[in-house]
Amino acid sequence: MPKAHHQPRPVGTGTISEQLPEDIRAQIGRRFPGGYYTAEPYRAWLLADAAADRPHAPAVHPLHAWLATTGGIGITWDEFFAWFGATAADGPMFGEHETVLHRRLRTDRRYRVSGSVVSAVRKRGRAAGLFDLVEYQLELHDDADGGHVATCWNSIVFPRGG
Amino acid sequence: MPKAHHQPRPVGTGTISEQLPEDIRAQIGRRFPGGYYTAEPYRAWLLADAAADRPHAPAVHPLHAWLATTGGIGITWDEFFAWFGATAADGPMFGEHETVLHRRLRTDRRYRVSGSVVSAVRKRGRAAGLFDLVEYQLELHDDADGGHVATCWNSIVFPRGG
Amino acid sequence: MMGHSTVRRDAAGLRVGMEIPPWEVLVSAEKMKTTAALLADPNPIHFDVGAVQALGLGDRPVNQGPLNMGYVMNMLAAFTGSHDCLRRLRVRFLANVLAGDRVRAAGVVTGLTEAPDHGGRWAECDVSLAVVGGRTVLRGTATVALPGAGAGAAESDDHEENKT
Amino acid sequence: MMGHSTVRRDAAGLRVGMEIPPWEVLVSAEKMKTTAALLADPNPIHFDVGAVQALGLGDRPVNQGPLNMGYVMNMLAAFTGSHDCLRRLRVRFLANVLAGDRVRAAGVVTGLTEAPDHGGRWAECDVSLAVVGGRTVLRGTATVALPGAGAGAAESDDHEENKT
Numbered sequence: 001m002p003k004a005h006h007q008p009r010p011v012g013t014g015t016i017s018e019q020l021p022e023d024i025r026a027q028i029g030r031r032f033p034g035g036y037y038t039a040e041p042y043r044a045w046l047l048a049d050a051a052a053d054r055p056h057a058p059a060v061h062p063l064h065a066w067l068a069t070t071g072g073i074g075i076t077w078d079e080f081f082a083w084f085g086a087t088a089a090d091g092p093m094f095g096e097h098e099t100v101l102h103r104r105l106r107t108d109r110r111y112r113v114s115g116s117v118v119s120a121v122r123k124r125g126r127a128a129g130l131f132d133l134v135e136y137q138l139e140l141h142d143d144a145d146g147g148h149v150a151t152c153w154n155s156i157v158f159p160r161g162g
Numbered sequence: 001m002p003k004a005h006h007q008p009r010p011v012g013t014g015t016i017s018e019q020l021p022e023d024i025r026a027q028i029g030r031r032f033p034g035g036y037y038t039a040e041p042y043r044a045w046l047l048a049d050a051a052a053d054r055p056h057a058p059a060v061h062p063l064h065a066w067l068a069t070t071g072g073i074g075i076t077w078d079e080f081f082a083w084f085g086a087t088a089a090d091g092p093m094f095g096e097h098e099t100v101l102h103r104r105l106r107t108d109r110r111y112r113v114s115g116s117v118v119s120a121v122r123k124r125g126r127a128a129g130l131f132d133l134v135e136y137q138l139e140l141h142d143d144a145d146g147g148h149v150a151t152c153w154n155s156i157v158f159p160r161g162g
Numbered sequence: 001m002m003g004h005s006t007v008r009r010d011a012a013g014l015r016v017g018m019e020i021p022p023w024e025v026l027v028s029a030e031k032m033k034t035t036a037a038l039l040a041d042p043n044p045i046h047f048d049v050g051a052v053q054a055l056g057l058g059d060r061p062v063n064q065g066p067l068n069m070g071y072v073m074n075m076l077a078a079f080t081g082s083h084d085c086l087r088r089l090r091v092r093f094l095a096n097v098l099a100g101d102r103v104r105a106a107g108v109v110t111g112l113t114e115a116p117d118h119g120g121r122w123a124e125c126d127v128s129l130a131v132v133g134g135r136t137v138l139r140g141t142a143t144v145a146l147p148g149a150g151a152g153a154a155e156s157d158d159h160e161e162n163k164t
Numbered sequence: 001m002m003g004h005s006t007v008r009r010d011a012a013g014l015r016v017g018m019e020i021p022p023w024e025v026l027v028s029a030e031k032m033k034t035t036a037a038l039l040a041d042p043n044p045i046h047f048d049v050g051a052v053q054a055l056g057l058g059d060r061p062v063n064q065g066p067l068n069m070g071y072v073m074n075m076l077a078a079f080t081g082s083h084d085c086l087r088r089l090r091v092r093f094l095a096n097v098l099a100g101d102r103v104r105a106a107g108v109v110t111g112l113t114e115a116p117d118h119g120g121r122w123a124e125c126d127v128s129l130a131v132v133g134g135r136t137v138l139r140g141t142a143t144v145a146l147p148g149a150g151a152g153a154a155e156s157d158d159h160e161e162n163k164t
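Residue numbers (the working numbering), protein chains in the order written: chain A, 1 to 162; chain B, 1 to 162; chain C, 1 to 164; chain D, 1 to 164.
In short, the hints are calculated from the structure, not lab data.
Treat the hints with care, since some could be wrong.
Claimed, not checked - Reference listing, derived: stretches of chain A covered by chain D, where coverage requires no fewer than 3 residues with Cβ under 8 angstroms from a Cβ of chain D:
hint, segment
1, 44–55
2, 58–65
3, 68–82
4, 95–106
From the three backbone atoms N, C-alpha and C, an ideal C-beta is built for every residue, glycine too.
All chains should be modelled from the sequences, with the hints used to inform the complete structure.
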């Protein structure tokens, strides 16, 4: 199982811990269905262009690691939000993200995507109010030789309207 | 099996029929793997915007029928081209297209996509040279009640460099 | 970047031979990129100027055929009042449209038949798309539903109306 | 619509505390649409002005967080010579970027260590993205591979070079 190599951090300042409901706590460690992702050249080109980069660079834009893990996670955003009793209308927000590249990204390689929820904490911020801070981590492995290609770690904030 | 309700037509003028190789003829009637497609609201919005339409219209843009059949056909363009011994580099081109809407398109409905290759002929044009004209047809059915929603018929031209 | 025709359509004035108000748009390279992503269309002629040049197709991206057809659908929706009035559209692709081209969809009513199922009429139409001041890039035929002669005028941009 | 910094990077001149040449871009609403399609991100705040207004977020679409991070990656690639030099980037999203904003990625080298595995050095960097004349929208840290002190100057926009 992917291991969280980051400690949860407070969002902003002045956060204090609150009791996490059991149904949310039960999501910690839950694995994503996972799947496969291939960085097709047209997607590599379009993503680089969307990021205002020069799409002709031979290197695949490292942002593609994030796109790959999202593309192969095996569930939709709505399904993921539902794991935490939330919907898009609740306004979940990315808190932090880390991409670690263990090996160069390439087009037309088939990558295996796997990962899980690594932590969940409930906090109350002076400005933010009540929210849950959830961390999840996804791994890319080259499907041909099993090599570890990238790790994408994310934290996401679910406002709880408190 | 979907039935061709169109006769093959010559591309341009002055085309004459040629012998179709057996491996191409063998593709006639071949069914696509098929699959499912849901016109998610964000895709309906983006497609209408891409077509320079007003994305806020409650009606789903009828171009979405084509997008749905393509999205649920179950093979990639490269795989489809390979059925006819061709690649994207050979420059296959859309010849004709027909969308027939039997029922209103809606967002968030799950549509079943099915279809097959309905004809293939080899022709020689005075200007176009040797080419294969392939027709294929896809059907959208509402997965909830089985109702027939749309038919998309296409002809595609494979230049044969002759 | 786009021009919508605003038409008051007097149902009683519908007749064979009448022209459908044209619909124009300036074709955008950026929208081809979104379309390539939506259609999962890997062909670089729709976004990569370098690929277009390498193929000797000039120096502007080539619009997707479906978008060209979509513009004709827009013209028909402006004419009938809603995309939901379209029953059938058949087109033949004749030539490429390039980023920066201004194109115009046009059409003419070629037949009108009573349609008891929706209390109105079916209009058969000849349709086309052309580069303004240039060649025709698409020709086809369409069938659209129209309200009956007694339905009176309707505003074409009232897309709220549910016609089916 | 975008400005690429062109930098001659003298490997011998690398030092802790040096500023990474900034990288600027004018954020495009059209590119958010392509990104929404690529990411299969249904959130309408990235493309639908009506949805943005309904949420009280103003009247301009909100850029995707990944794109904000991508701009920082672009700055680092211009500095190192290639996207393939990036080993790690961690960012915290602090605020939204809106269509039409001009944003600037900036950074400073905070540490240099020898990296025998690629014959060069690892640079640790603090990075940020800010709206020009406005607030900081992202902060983070990065680790990038750099050639060794003996490697001499390299042109940052030589993306042909294979550094790994």
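Status of the hints after comparison with the structure:
Coverage of the segment 44–55 of chain A by chain D holds in this model, with 8 residues showing a Cβ closer than 8 angstroms to a Cβ of that chain against a need of three. Counting residues of the segment 58–65 of chain A whose C-beta lies closer than 8 angstroms to any C-beta of chain D gives 6; at least three are required, and the coverage claim holds. Using a Cβ-Cβ cut-off of 8 angstroms, 5 residues of the segment 68–82 of chain A lie near chain D, which meets the minimum of three, so the contact claim holds. Coverage of the segment 95–106 of chain A by chain D holds. Counting CB-CB distances below 8 angstroms, 8 residues qualify, and the rule asks for three or more.
Hint compliance for this structure: every hint is met.
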